[in-house]
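Visitor: Residue numbers (the numbering used here), protein chains in the order written: chain A, 4 to 241; chain B, 178 to 651.
One should not assume that every hint holds.
Taking beta-carbon pairs under 7 Å as the criterion, some of the chain B residues facing chain A (in silico) [unchecked claim]:
(1) V431
(2) I567
(3) N635
Keep in mind that the hints were calculated from the coordinates and are not lab data. By construction, the Cβ of each residue, glycine as well, lies at the ideal position given by its N, Cα and C atoms.
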Amino acid sequence: MKVTLFATCLVDLFHSNVGKATVELLERLGCKIDFPEAQICCGQPAYNSGYTKGSKEAMRQMINTFQEAEYVVSPSGSCAFMLKEYPHIFKGDPVWESKAKELAEKTYELTQFIVDVLQVEDVGAIFEETVTYHTSCHMTRLLGVKEAPMILLNHVKGLKFTELPGKEQCCGFGGTFSVKMAQISEQMVDEKVCHVEETEADYLIGADAGCLMNIGGRIERKGKPIKVLHIAEVLNSH
Amino acid sequence: MAMKIGSEPFKERIDNGIHDDFMRGAVAGAQDGMGVKRRLATEELGNWEDWRSHGEEIRQHVLEHLDYYLEQLSENVAKRGGHVFFAETKEEANDYIRGIVQQKNAKKIVKSKSMVTEEISLNAVLEQEGCEVIETDLGEYILQVDDHDPPSHIVVPALHKNKDQIRDVFTKKLGYNKTSKPEELAWHAREMLRQEYLTADIGITGCNFAVAETGSFSLVTNEGNADLVTALPKTQITVMGMERLVPTFEEMEVLVSLLTRSAVGQKLTSYITVLTGPKEELDVDGPEEFHLVILDNGRSNILGGEFQSVLQCIRCAACINVCPVYRHVGGHSYGSIYSGPIGAVLSPLLGGYDEYKELPYASTLCGACTEVCPVKIPLHNLLHKHREIIVEKEGKAPISEKLAMKAFGLGAASPILYKLGSKLAPTAMNPFTVGDRISKGPGPLKSWTDIREFPAPNKERFRDWFKNREKGDK
Numbered sequence: 004m005k006v007t008l009f010a011t012c013l014v015d016l017f018h019s020n021v022g023k024a025t026v027e028l029l030e031r032l033g034c035k036i037d038f039p040e041a042q043i044c045c046g047q048p049a050y051n052s053g054y055t056k057g058s059k060e061a062m063r064q065m066i067n068t069f070q071e072a073e074y075v076v077s078p079s080g081s082c083a084f085m086l087k088e089y090p091h092i093f094k095g096d097p098v099w100e101s102k103a104k105e106l107a108e109k110t111y112e113l114t115q116f117i118v119d120v121l122q123v124e125d126v127g128a129i130f131e132e133t134v135t136y137h138t139s140c141h142m143t144r145l146l147g148v149k150e151a152p153m154i155l156l157n158h159v160k161g162l163k164f165t166e167l168p169g170k171e172q173c174c175g176f177g178g179t180f181s182v183k184m185a186q187i188s189e190q191m192v193d194e195k196v197c198h199v200e201e202t203e204a205d206y207l208i209g210a211d212a213g214c215l216m217n218i219g220g221r222i223e224r225k226g227k228p229i230k231v232l233h234i235a236e237v238l239n240s241h
Numbered sequence: 178m179a180m181k182i183g184s185e186p187f188k189e190r191i192d193n194g195i196h197d198d199f200m201r202g203a204v205a206g207a208q209d210g211m212g213v214k215r216r217l218a219t220e221e222l223g224n225w226e227d228w229r230s231h232g233e234e235i236r237q238h239v240l241e242h243l244d245y246y247l248e249q250l251s252e253n254v255a256k257r258g259g260h261v262f263f264a265e266t267k268e269e270a271n272d273y274i275r276g277i278v279q280q281k282n283a284k285k286i287v288k289s290k291s292m293v294t295e296e297i298s299l300n301a302v303l304e305q306e307g308c309e310v311i312e313t314d315l316g317e318y319i320l321q322v323d324d325h326d327p328p329s330h331i332v333v334p335a336l337h338k339n340k341d342q343i344r345d346v347f348t349k350k351l352g353y354n355k356t357s358k359p360e361e362l363a364w365h366a367r368e369m370l371r372q373e374y375l376t377a378d379i380g381i382t383g384c385n386f387a388v389a390e391t392g393s394f395s396l397v398t399n400e401g402n403a404d405l406v407t408a409l410p411k412t413q414i415t416v417m418g419m420e421r422l423v424p425t426f427e428e429m430e431v432l433v434s435l436l437t438r439s440a441v442g443q444k445l446t447s448y449i450t451v452l453t454g455p456k457e458e459l460d461v462d463g464p465e466e467f468h469l470v471i472l473d474n475g476r477s478n479i480l481g482g483e484f485q486s487v488l489q490c491i492r493c494a495a496c497i498n499v500c501p502v503y504r505h506v507g508g509h510s511y512g513s514i515y516s517g518p519i520g521a522v523l524s525p526l527l528g529g530y531d532e533y534k535e536l537p538y539a540s541t542l543c544g545a546c547t548e549v550c551p552v553k554i555p556l557h558n559l560l561h562k563h564r565e566i567i568v569e570k571e572g573k574a575p576i577s578e579k580l581a582m583k584a585f586g587l588g589a590a591s592p593i594l595y596k597l598g599s600k601l602a603p604t605a606m607n608p609f610t611v612g613d614r615i616s617k618g619p620g621p622l623k624s625w626t627d628i629r630e631f632p633a634p635n636k637e638r639f640r641d642w643f644k645n646r647e648k649g650d651k
């Protein structure tokens with residue numbers, strides 16, 4: 004199966020390990036990966052801050068980039084959801100609405116793609132550690148992907164799972180919120196870090212680089228001995 | 178601005194909230210407790226999503242036919258001998274009520290909890306008239322006794338106070354000399370209030386839902402205070418936001434169930450008071466005179482526009498009870514009597530962007546509010562809509578942000594610029610990078626690195642790795 008990867012700008016620039024793990028994982032599951040070089044960013048940081056007009060060019064760029072793709076898969080629930088928002092954003096646009104709809108319909112978050120499209124629940128991963136999992140807001144509430152990451156993690160050999168208290172609560176990232184409302188964001192991420200500590204897990208796993216950068220950055224600043232990994236990296240461990 | 182509370186700038190209010198340890202403990206405890214109760218009460222129905230859809234449908238139907246139902250309501254109130262007054266502004270509402278007070282030569286007024294009367298600052302107006310105004314909802318009573326401390330939550334107005342603080346207030350203001358046991362505090366308030374009901378000239382209430390078909394209105398309480406406010410004084414005034422009505426009792430039943438389950442996790446509250454006009458010949462109690470004040474105060478400007486769905490709100494505060502931002506800053510930080518997500522949407526609409534332009538940004542757009550709303554208001558989408566308007570129509574975004582977003586927009590739309598920028602990033606960030614992280618970032622990064630580490634840009638971008646790997650394959 005041919006899969007076109009939407010790596011996301013965060014992964015491209017800061018977390019290339021997540022991208023590598025995603026490629027290797029999907030290849031192991033029999034996919035052929037394509038990465039169109041013209042992809043940049045889904046436009047979410049500007050769009051969510053209210054700069055809709057200013058972010059539309061980035062969105063059109065994305066729509067064009069993925070026009071030929073059969074499946075667009077992204078290791079980020081939030082960014083995948085953003086592509087699914089395009090049809091609303093271009094609503095009424097005679098040229099772009101239909102194209103946006105096409106892209107939205109073929110876009111999947113990584114774990115969703117593995118479970119729903121590839122119909123795989125056990126990716127054959129081995130990860131002998133105690134982990135907890137942060138359910139990102141956009142991925143669970145907006146994209147509606149709640150079960151897939153859990154199903155996949157449950158099948159990882161050796162993995163010991165402890166549930167994160169207050170797991171449905173936002174980590175305080177929120178894109179530009181994290182700097183625009185830094186005071187509030189700090190309180191939110193602190194509570195999240197406390198909850199992660201309570202689990203006594205060695206690893207915090209998540210499916211969104213944005214949330215992980217936020218929680219992980221705070222964990223590092225506080226010097227906590229908790230390691231942070233993207234779910235793709237865990238699923239690619241064998 | 179009547180909705181406005183406090184005069185400090187937004188950042189200062191936030192700071193005060195964050196440093197109020199007690200308030201934060203109380204809010205977090207209340208959110209966690211109410212969250213569980215709400216979930217149980219909604220799950221118990223088995224088909225909560227269907228109920229939500231039904232609630233949404235009812236509210237949307239009413240808003241689409243608001244003129245029809247308002248006319249029907251006022252006709253039916255009039256038929257039962259009540260008076261109806263449509264107030265376009267808060268001044269008109271206050272003037273009308275002041276007129277009744279003067280006409281009755283009223284000295285004492287008892288009130289049951291009403292956010293809409295907070296919105297129009299009715300208490301201050303009545304006090305200027307020389308009236309003694311007594312709030313009878315326990316939470317509101319505590320705040321009133323404490324030198325008119327403003328409400329911090331639309332359902333639990335004194336959420337920010339604990340029992341010891343309440344005991345101190347009662348001791349100082351009411352000569353209370355017992356412990357901080359809630360039962361004793363409540364009993365004291367009850368004793369104080371009982372006398373007030375009996376001697377009040379006018380009772381004033383808000384309105385949870387008016388019923389157009391019968392000209393009735395309903396009040397949902399756990400203390401029964403609304404029963405006494407509406408049963409004992411000779412004159413009764415009810416103030417309602419113009420959108421707070423339903424066609425018939427059938428719809429009211431659905432909405433009351435959604436409201437009590439969402440607000441306090443109860444199947445029903447202890448009391449649901451329904452009143453239809455002034456008392457009739459065979460009634461043993463009830464007011465001799467009934468006035469219904471229907472308040473617009475900016476609502477008709479919302480109607481028919483892109484924010485119309487906010488008028489679906491039934492004031493349950495479920496959105497406030499799950500909001501992670503409210504959790505850490507508390508209600509007073511919003512600077513409006515309407516706090517939390519609903520307040521962040523509603524306050525700029527009713528009070529203007531000049532006053533409330535920060536509120537739509539006080540959200541991570543996590544969607545927790547939208548998920549729990551029993552009438553399916555897309556709250557986080559409405560917050561985003563506000564941001565669009567602030568940036569694109571009002572032009573109120575900071576210049577530094579506009580420039581940054583412009584640069585982002587260009588970079589994100591142009592593969593050449595992106596390539597250049599991302600190639601240069603590791604070198605540009607080099608002076609700030611230690612190992613694989615940035616601890617003291619420049620410019621906009623500073624706000625990030627004041628709190629957290631920021632990853633250093635990869636020396637080899639993912640795309641380079643992929644390209645090199647493909648080459649290797651060939």
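Visitor: Can you verify the interface hint for N635 (chain B): is its Cβ closer than 7 Å to any Cβ in chain A?
Guide: N635 (chain B) check passes; min Cβ-Cβ to chain A is 5 Å, inside 7 Å.
Visitor: Can we keep the I567 (chain B) interface hint, with Cβ of chain A closer than 7 Å?
Guide: I567 (chain B) check passes; min Cβ-Cβ to chain A is 6 Å, inside 7 Å.
Visitor: Does the interface hint hold: is V431 (chain B) within less than 7 Å of chain A, judged Cβ to Cβ?
Guide: The hint is violated - V431 (chain B) has no Cβ within 7 Å of chain A, the shortest such distance being about 25 Å.
In this structure, the one hint that does not hold is number 1.
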